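2 protein chains.
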Amino acid sequence: MQGSQFRLEHGKKVRLANMDPNETGSLHDREEAEPNIERLKERLEALQNMLYAEKKQSVLFVIQGMDCSGKDGVVKRALGGLHPQGFQVHSFRTPTEEEEAHDFLWRAHRIVPAKGMIGAFIRSYYEDVLITRTHKWISEAEVKKRLKHINRFEKLLESSGVKIVKIFLHISKDFQLAKLRNRLTDETKRWKFDKNDLVERESWSAYEEAYEDVFKQCSTESAPWYVVPANHRWYRDLAVLQIAVDALESMRLAYPASDPELDQLLEQLQE
Amino acid sequence: MQGSQFRLEHGKKVRLANMDPNETGSLHDREEAEPNIERLKERLEALQNMLYAEKKQSVLFVIQGMDCSGKDGVVKRALGGLHPQGFQVHSFRTPTEEEEAHDFLWRAHRIVPAKGMIGAFIRSYYEDVLITRTHKWISEAEVKKRLKHINRFEKLLESSGVKIVKIFLHISKDFQLAKLRNRLTDETKRWKFDKNDLVERESWSAYEEAYEDVFKQCSTESAPWYVVPANHRWYRDLAVLQIAVDALESMRLAYPASDPELDQLLEQLQE
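Sequence lines, in order, name chains A and B.
Heads up: the first sequence at position 47 corresponds to 47 in the UniProt record's numbering, and the numbers run straight through without jumps.
Heads up: the second sequence at position 88 corresponds to 88 in the UniProt record's numbering, and the numbers run straight through without jumps.
Check the hints yourself; a few may be wrong.
Calculated pairs, DSBU-like style, for lysine-lysine (alpha carbon to alpha carbon, straight line, at most 35 Å) [as the list claims (entries may be wrong)]:
hint: 1; chain 1: A; residue 1: LYS163; chain 2: B; residue 2: LYS55
hint: 2; chain 1: B; residue 1: LYS56; chain 2: A; residue 2: LYS195
hint: 3; chain 1: B; residue 1: LYS115; chain 2: A; residue 2: LYS173
hint: 4; chain 1: B; residue 1: LYS163; chain 2: A; residue 2: LYS189
hint: 5; chain 1: A; residue 1: LYS56; chain 2: B; residue 2: LYS192
If you are wondering where the hints come from, they were derived from the structure by calculation, not from laboratory data.
These numbers were taken from a predicted model, which means no experiment stands behind them.
Chain A with its partners taken away, still in its complex shape:
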């Protein structure tokens, strides 16, 4: 597997309806994927240590997907091995009054990961061209403007060393229904059930279209979108780990150059 196989090209229109959310490549089950998942997790942790030590760049994962696509789950199961000290997760919810009183990128900007850190946005500023567009809370002209603002914003972050990795978790509508039922029957998950999810579900196609436009406009060379088949959670985890490892490997991370003074210090300490 290569992370790049899930990557979308800039300017190219994709149709989510033509992409199989059940896809598992040449693999058949979790057991078969497990050794690779473990290997990638270890590699990711080693890369994070270098990122943290170097303190010159950072990584931002943007995680999007329909309700029940496993956005929370992937953060735990694929990225949960990261050192918590260097990993910050933010869930985007309905904006607060203070957030509403600013431009739509303001609240995202203040929580961008600092140098050395890895951040994950569960939902993100992309909601401002997804939910808002689907429900026609903003005009099409405003959508166009926002898509440009997003591209410029991401360019700004890249210019200070933020590697942006945008992942769409792709599930089917049937799969969502099964998960919603499961939430209602499992006591440990029932609190997650939101009646509004059933309302949003009725706008499935409108959401798909809004996503497809986001992919076309905002999957750039340096900050691409990846569509990850997510009906099989183990394949989702494997794919996201592969994408993450590829992203960090492309950053040419290195431990800081060693201070020669430290060698003298070591000699003193060993006396």
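Go by the hints and put chain B onto chain A.
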């Protein structure tokens, strides 16, 4: 093992020099501890899920200890299994200009975990009665005031449902020296070496005394201090996990009461 065995009584003077940092209870090695570590991790994750679902209380781990005591390591190895979405780690460093322009508790207050969340402070507001006192940057009168402010501050947090768990990782001075040497020889750790650690090391006894006073004044019934032997990392992890699980179990967490309307919804979804 019980978390309470590491717990300090309020008003009682302990001497760190009399507490064995090599202690491992009735256990002999990591292998023997591993099954319990795994069991406690799973239990802690289940409790975190309930805390997050309930959204009425929160947990704050305050992690203190000399340089090389394993503060970062314990967050990864004992608490690293927590869901990253509900777990926020903050390292306290030299205050910024903005932080300096406020009272010493200001910067801690703004990052206290919200309801449903678990937070860990690596170092904390306690540094303001430790490093400052050891180097005589503040007067003894000021230290006394600050200790009281800390107790009142913790009472305020408790009143809004924050469970505060304060852990001191106890190592020996020899162990620190071995770890400092190791940092200098291991390329993946060398960046962590700070020449200043050698300076701080010379104030070992003064730090111990400052800690002993903190324990006596601030180990309260509701927010106790725990001294965890940390020369053996596996025993440290086991003890911290046990303390964490005990703390969350004492909170009487519960999933939110089920909305009967959801049962009707489930029937509709199953048609």
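Comparing the hints with the structure gives:
1. For the hint pairing LYS163/A with LYS55/B, the CA-to-CA distance comes to about 33 Å; that is within 35 Å, so the pair holds.
2. Among the hinted pairs, LYS56/B with LYS195/A is consistent with the structure: their alpha-carbon atoms are about 21 Å apart, no more than 35 Å.
3. Distance check on the hinted pair: LYS115/B and LYS173/A sit about 33 Å apart at the alpha-carbon level, within 35 Å; holds.
4. Proximity of LYS163/B to LYS189/A is assessed by CA-CA distance (about 24 Å); at most 35 Å being required, the pair is judged to hold.
5. Among the hinted pairs, LYS56/A with LYS192/B is consistent with the structure: their alpha-carbon atoms are about 15 Å apart, no more than 35 Å.
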